[in-house]
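Given only the sequences and the hints, what does the whole structure look like? Please build it.
These protein sequence lines map, in sequence, to chains D and F.
Going left to right, the first sequence walks through residues 1 to 260 as this note's numbering numbers them.
Going left to right, the second sequence walks through residues 1 to 108 as this note's numbering numbers them.
Partial chain F-side listing against chain D, Cβ under 10 angstroms, derived:
1) F40
2) K46
3) V85
4) Y86
5) E95
Pairs of lysine to any residue residues, derived as SDA-like cross-links and limited to a Cα-Cα distance of at most 20 angstroms, are as follows:
6) K95/D with E109/D
7) K56/D with P26/D
8) K46/F with E214/D
9) K46/F with L168/D
10) K84/F with M70/D
11) K56/D with F135/D
12) K201/D with G238/D
13) K46/F with S172/D
14) K91/F with N206/D
15) K163/D with T137/D
16) K95/D with Q118/D
17) K84/F with G73/D
18) K106/F with Q225/D
19) K101/D with P169/D
20) K106/F with P217/D
21) K84/F with T78/D
22) K201/D with M51/F
23) K37/F with H174/D
24) K84/F with E74/D
25) K101/D with I171/D
26) K91/F with P213/D
27) K253/D with H241/D
28) K37/F with F173/D
29) K101/D with R54/D
30) K84/F with G85/D
31) K84/F with F173/D
Covered stretches of chain F (in silico footprint by chain D; criterion: 3 or more residues with CB under 8 angstroms from a CB of chain D, positions within the stretch not fixed):
32) 47-55
33) 88-94
Worth flagging that the hints you see were computed from the coordinates, not collected in a lab.
Nothing here was measured: the structure is a model prediction, and the numbers come from that model.
Glycine is no exception: its CB is placed at the ideal position from the N, C-alpha and C atoms.
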Amino acid sequence: MAKILFAAVLFCLLTAVSFAGKIPDPEELGKVVLNNTSSRAGMAPVVFDHWLHRAKFTCRLCHVDIGFAMQRGETGITADFNMQGLYCGSCHDGKREIEEKTIFASCAEKATGEERKQCARCHSRGAEGQREYQFETFTGNFPRLPGGHSLDWEKAEEEGIIKLIDFLPGISFHRDPLKAQEDFSIEVTTWASDVIFSHSKHAVWNGCELCHPEIFPSAKKGTVQYSMFQIMRGEYCGACHINVAFSIWICNKCHTKPVR
Amino acid sequence: MKKIIFFALIGVCGLGMLAGSMFPDSPGTVFAADDWKQEFAEVCGKTQNAMEFTPEELRSLINRCIRLEERLNELNGPQGSERKVYATRLKMCKELYIYTLEYREKEK
Chain D
1 MAKILFAAVL FCLLTAVSFA GKIPDPEELG KVVLNNTSSR AGMAPVVFDH
51 WLHRAKFTCR LCHVDIGFAM QRGETGITAD FNMQGLYCGS CHDGKREIEE
101 KTIFASCAEK ATGEERKQCA RCHSRGAEGQ REYQFETFTG NFPRLPGGHS
151 LDWEKAEEEG IIKLIDFLPG ISFHRDPLKA QEDFSIEVTT WASDVIFSHS
201 KHAVWNGCEL CHPEIFPSAK KGTVQYSMFQ IMRGEYCGAC HINVAFSIWI
251 CNKCHTKPVR
Chain F
1 MKKIIFFALI GVCGLGMLAG SMFPDSPGTV FAADDWKQEF AEVCGKTQNA
51 MEFTPEELRS LINRCIRLEE RLNELNGPQG SERKVYATRL KMCKELYIYT
101 LEYREKEK
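Laid out in structure tokens, this is it:
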């Protein structure tokens, strides 16, 4: 009886928290505002939309091959680096073609007149004008997760709506195909059902080094107990699943094993 | 007799070169200007197979990563700005191999 009562109280608490911290707007999910030096240079801060880039590229390409850190502010992007073809400049160099389209150059020594309008494509926080790609238009035909709120990126790829690029000439190097990984179960010690973790789904987009050991440091299964409190703080699964990937509030995306 | 000694010396030199090539981990590996990128691609291009390697192979890869780190620290000029990016990538690659080695050793 006590256990049932405890479970009921916990469920209510979690429900209350889930409404209080509602599932983020998909357009806002993964939005990063960068202001290392922009304001000091008299420019509006940069607004980076994850949704646009993740519709084109794997996580690994940007976060391993190009070298973007997983935490805002840790990469240290500057206009100088961009102009040297690093970081944003890896693609945004005015020469690289992706999907038969030349990617506009980011940053310039001096930008005047019409060129300044190009700066506003990235330095757009609080700036007037419309960005080239609008979320609703771009993702209009994307499948949605149950509830109709969040995008189902996995299904979008399965259905061929998006085809992710995992290799950038001059930046990436060839890797052998990843060997198929088996799913495994993570035992949950509370009222929720066990988690079925798909290594293959994660590794296809992230590779191995994005998660190991920085996000998941333990080399032996079962030695670290992950808690939802840690995940909600951005640790472990929360490194991606509160910022960019589907929200942790869609419980049955992970807790898929039938209750014992 | 002189011919025998001459060919014997050539043979010894050849064996020495062969022996040297069998031990790529020997200290003092020097990278030419851009060879480090090729070595980088070779070492860090194997991360997807990390779980397939033996502990000895993983240790060898880790050692190659360490030598690459030393090489990166010497980069100056235009390549100096690449150092930051490659250093990050190399760190991820090395740490994955260390992680995998730890996993392998715990398996025993």
